[in-house]
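S.K.: All chains, full assembly: derive it from the sequences and hints.
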Amino acid sequence: MFRVNKPEQSMAQQSSNETIIAQGVKVEGDFHSQGDVVIDGEVSGTIETTQALSIGQSARIKADITSKSAIVAGEVKGNIKASERLELLATSIVEGDVETANLSIASGARVNGKITMGELEKEG
Amino acid sequence: MYCYLYDEFIQGNKRYERELLDIENRLTDLGIAGKISRLALFRNAEEMIRDEIDHGVKTVVVLGNDDTVRKVLDVISESKITLGLIPIGPKNELARLLGIPNGVEACDILSARRIEQIDVGTINGRKFITGVRVPDFKAELMCNDGKYRVVPTSHADLEIQNLADICNPRDGMLRANIHTLIRKGWGPFARHEQTNTVLPFQFLAIRSDKPISLYADGEEMQGTRFDIGIEAMILKVIIGKSRVFV
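Residue numbers (my numbering), protein chains in the order written: chain A, 507 to 630; chain B, 138 to 383.
Be careful, since some hints might not be right.
[Said to hold, decoys possible] In silico DSS-like links for lysine-lysine, alpha-carbon gap of 25 Å or less: (1) A:K532 x B:K321; (2) A:K620 x A:K574; (3) B:K172 x B:K217; (4) B:K284 x A:K532; (5) B:K208 x B:K373; (6) A:K568 x B:K217; (7) B:K228 x B:K151; (8) B:K172 x B:K275; (9) A:K574 x B:K172; (10) A:K583 x A:K620; (11) B:K321 x B:K228; (12) B:K195 x B:K172; (13) A:K583 x A:K532; (14) A:K587 x A:K568; (15) A:K620 x A:K587; (16) A:K574 x A:K587; (17) A:K620 x A:K568; (18) B:K172 x B:K208; (19) A:K532 x B:K275; (20) B:K373 x B:K172; (21) B:K373 x B:K195; (22) B:K321 x B:K195; (23) B:K208 x B:K151; (24) A:K568 x B:K321; (25) B:K378 x A:K583; (26) A:K568 x A:K532; (27) A:K568 x B:K284; (28) A:K587 x B:K284; (29) B:K151 x B:K172; (30) B:K347 x A:K532.
[Unchecked claim] Beta-carbon label-pair distances, calculated as ranges: (31) B:Q331 x A:G541: 22 to 28 Å; (32) B:K275 x A:G541: 25 to 31 Å; (33) B:M370 x A:T622: 41 to 47 Å; (34) A:T622 x B:V383: 28 to 34 Å; (35) A:N523 x B:D346: 31 to 37 Å; (36) B:I371 x A:R591: 37 to 43 Å; (37) A:L609 x B:T361: 21 to 27 Å; (38) A:A607 x B:P325: 31 to 37 Å; (39) A:K532 x B:K151: 52 to 58 Å.
Worth flagging that the hints you see were computed from the coordinates, not collected in a lab. Every value quoted in this text rests on a predicted model; they were computed, and no experiment measured them. From the three backbone atoms N, C-alpha and C, an ideal C-beta is built for every residue, glycine too.
M.R.: Pasting the structure below:
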């Protein structure tokens with residue numbers, strides 16, 4: 507089925523601007539990035555990236571998320587705003603509102619919140 | 138104009154006598170022989186280099202190892218002159234990363250004079266080229282002017298890289314790698330797995346309640362507060378074809 511550990515496999519080919527927050531690490535505060543972000547650890551606060559975000563199965567997020575696209579396999583307590591595409595895998599648990607242009611929800615995924623779809627206005 | 142800086146450990150050491158002679162002969166053959174400055178116990182390496190720069194030296198070639206480079210790195214990068222290396226003896230990781238072979242073969246690399254500008258990291262005002270290592274890291278990282286902090290939740294080692302096998306020293310970024318060891322499974326079936334957190338950054342601060350030890354380019358520093366940043370493309374260095382970065 508889904509290979510939720512894909513972020514770990516891609517580590518060897520990481521681009522210079524890619525951020526990886528692995529298991530065993532906790533991030534607190536307003537996290538901003540200009541590159542791709544892979545999260546397998548704990549994050550609380552806000553997460554913002556102009557590129558793709560990947561949340562692994564072991565990730566525990568208590569944060570509002572803003573990204574270009576996102577793939578979620580872990581637990582998110584907070585609102586998710588993905589301007590282009592959001593993919594919720596079978597193991598994902600989302601407690602918060604979801605706003606995106608394209609949404610994919612796998613069987614088994616849990617979403618407790620309002621879902622808004624359509625073209626998102628780009629924030630200045 | 139070249140200036141060759143001999144480290145103390147290679148002078149008068151019979152082990153390197155023959156190699157030094159070969160190097161000096163090869164440099165003369167290639168027409169790039171220059172003034173020789175010798176480091177000694179009570180001589181300040183930085184002052185020696187400043188004197189040479191005042192006398193018109195444009196390239197300082199270090200004969201020694203990583204420790205020798207560290208002694209003159211601050212003054213060379215500030216003076217905008219070119220750094221060359223002739224690695225001798227052990228502890229020559231920097232030369233390997235720059236694609237410079239040990240001993241007399243390095244003379245041909247010097248003669249080819251392929252120069253690149255690379256980034257230099259700073260830690261509490263002191264410069265480093267390769268990176269900073271913090272074994273048994275039990276502090277917190279403050280990133281992006283303190284907007285967020287990163288804390289390991291299990292046993293971790295921190296490595297901050299500028300020039301490394303998978304790190305480009307020309308991208309204006311440093312990279313913090315936090316290697317954590319996490320326990321998976323229960324009881325006798327439990328096993329430890331290493332995970333790797335990667336944070337690209339330009340400025341970062343390490344804060345700790347207790348004094349910690351870290352190693353910048355192999356040199357030990359102790360303290361509770363370390364401010365780490367990058368100065369982009371300030372060091373001109375002669376490199377070989379087999380360098381690890383593009």
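S.K.: Next, verify each hint and record whether it holds.
M.R.: Going down the list of hints, with the structure as the test:
For the given pair, A:K532 sits about 17 Å from B:K321 by alpha-carbon distance, which is consistent with the 25 Å threshold. Only pairs whose Cα atoms come within 25 Å are accepted, and A:K620 paired with A:K574 is accepted, the gap being roughly 19 Å. Among the hinted pairs, B:K172 with B:K217 is consistent with the structure: their alpha-carbon atoms are about 19 Å apart, no more than 25 Å. At roughly 14 Å between alpha-carbon atoms, B:K284 and A:K532 fall within 25 Å of each other, so this suggested pair holds.
Proximity of B:K208 to B:K373 is assessed by CA-CA distance (about 16 Å); at most 25 Å being required, the pair is judged to hold. A distance of roughly 47 Å separates the Cα atoms of A:K568 and B:K217; the hinted pair therefore is violated under the 25 Å criterion. Simply put, B:K228 and B:K151 have alpha-carbon atoms about 19 Å apart, close enough for the 25 Å limit, and the pair holds. Distance hint between B:K172 and B:K275 is unfulfilled; the C-alpha atoms sit about 47 Å from each other, more than 25 Å.
With a C-alpha separation of about 58 Å, the suggested pair A:K574 and B:K172 falls outside the 25 Å cut-off, and the hint is violated. Under the criterion of a C-alpha separation no larger than 25 Å, the hint pairing A:K583 with A:K620 is consistent with the structure, at around 13 Å. Note on B:K321 and B:K228: the hinted pairing is violated, with a Cα-Cα distance of about 37 Å set against a maximum of 25 Å. At most 25 Å may separate the alpha-carbon atoms for a hinted pair to count; B:K195 and B:K172 meet this at roughly 12 Å.
For the hint linking A:K583 to A:K532, the alpha-carbon distance of about 15 Å falls within 25 Å, and the restraint holds. For the hint pairing A:K587 with A:K568, the CA-to-CA distance comes to about 14 Å; that is within 25 Å, so the pair holds. Simply put, A:K620 and A:K587 have alpha-carbon atoms about 12 Å apart, close enough for the 25 Å limit, and the pair holds. Between A:K574 and A:K587 the alpha-carbon distance is near 8 Å, which keeps this suggested pair within the 25 Å criterion.
In summary, the hint linking A:K620 to A:K568 is supported, as the alpha carbons are separated by about 17 Å, within the 25 Å threshold. As the CA atoms of B:K172 and B:K208 are separated by approximately 19 Å, the hinted pair is consistent with the 25 Å bound. For the suggested pair A:K532 and B:K275, the alpha carbons sit about 13 Å apart, so the restraint of at most 25 Å is met. Distance check on the hinted pair: B:K373 and B:K172 sit about 20 Å apart at the alpha-carbon level, within 25 Å; holds.
Proposed proximity of B:K373 and B:K195 is supported: the alpha carbons are some 11 Å apart, at most 25 Å. A hinted pair counts as satisfied when its Cα atoms are at most 25 Å apart, and B:K321 with B:K195 does not qualify at roughly 56 Å. Restraint check for B:K208 and B:K151: satisfied, since their Cα atoms lie roughly 24 Å apart, inside the 25 Å limit. Among the hinted pairs, A:K568 with B:K321 is consistent with the structure: their alpha-carbon atoms are about 23 Å apart, no more than 25 Å.
Proximity of B:K378 to A:K583 is assessed by CA-CA distance (about 50 Å); at most 25 Å being required, the pair is judged violated. Between A:K568 and A:K532, the direct Cα distance comes to roughly 11 Å. Compliance with the 25 Å bound is thereby established for this hinted pair. Of the pairs offered as hints, the one joining A:K568 and B:K284 holds, with about 16 Å between alpha carbons and a cut-off of 25 Å not exceeded. At roughly 21 Å between alpha-carbon atoms, A:K587 and B:K284 fall within 25 Å of each other, so this suggested pair holds.
Between B:K151 and B:K172 the CA atoms are separated by roughly 22 Å; this keeps the pair inside 25 Å, and the hint holds. Proposed proximity of B:K347 and A:K532 is supported: the alpha carbons are some 20 Å apart, at most 25 Å. Checked against the hint of 22 to 28 Å, the C-beta distance between B:Q331 and A:G541 comes to roughly 23 Å, which is consistent with it. Between B:K275 and A:G541, the C-beta spacing of about 28 Å keeps the proposed range 25 to 31 Å intact.
Between B:M370 and A:T622, the C-beta spacing of about 45 Å keeps the proposed range 41 to 47 Å intact. Between A:T622 and B:V383 the beta carbons are some 44 Å apart, a value that contradicts the proposed interval 28 to 34 Å. In this structure, A:N523 and B:D346 meet the distance hint of 31 to 37 Å, their C-beta atoms being roughly 32 Å apart. For B:I371 and A:R591, the hinted distance range of 37 to 43 Å is satisfied, since their beta carbons lie about 41 Å from each other.
Checking the proposed 21 to 27 Å range against A:L609 and B:T361 shows it is violated: the Cβ atoms sit about 47 Å from each other. For A:A607 and B:P325, the Cβ-Cβ distance of about 49 Å falls outside the hinted range of 31 to 37 Å, so the restraint is violated. Roughly 55 Å separates the CB atoms of A:K532 and B:K151, a value that falls within the hinted 52 to 58 Å.
This entry does not satisfy hints 6, 8, 9, 11, 22, 25, 34, 37, 38, going by the numbered hints stated previously.
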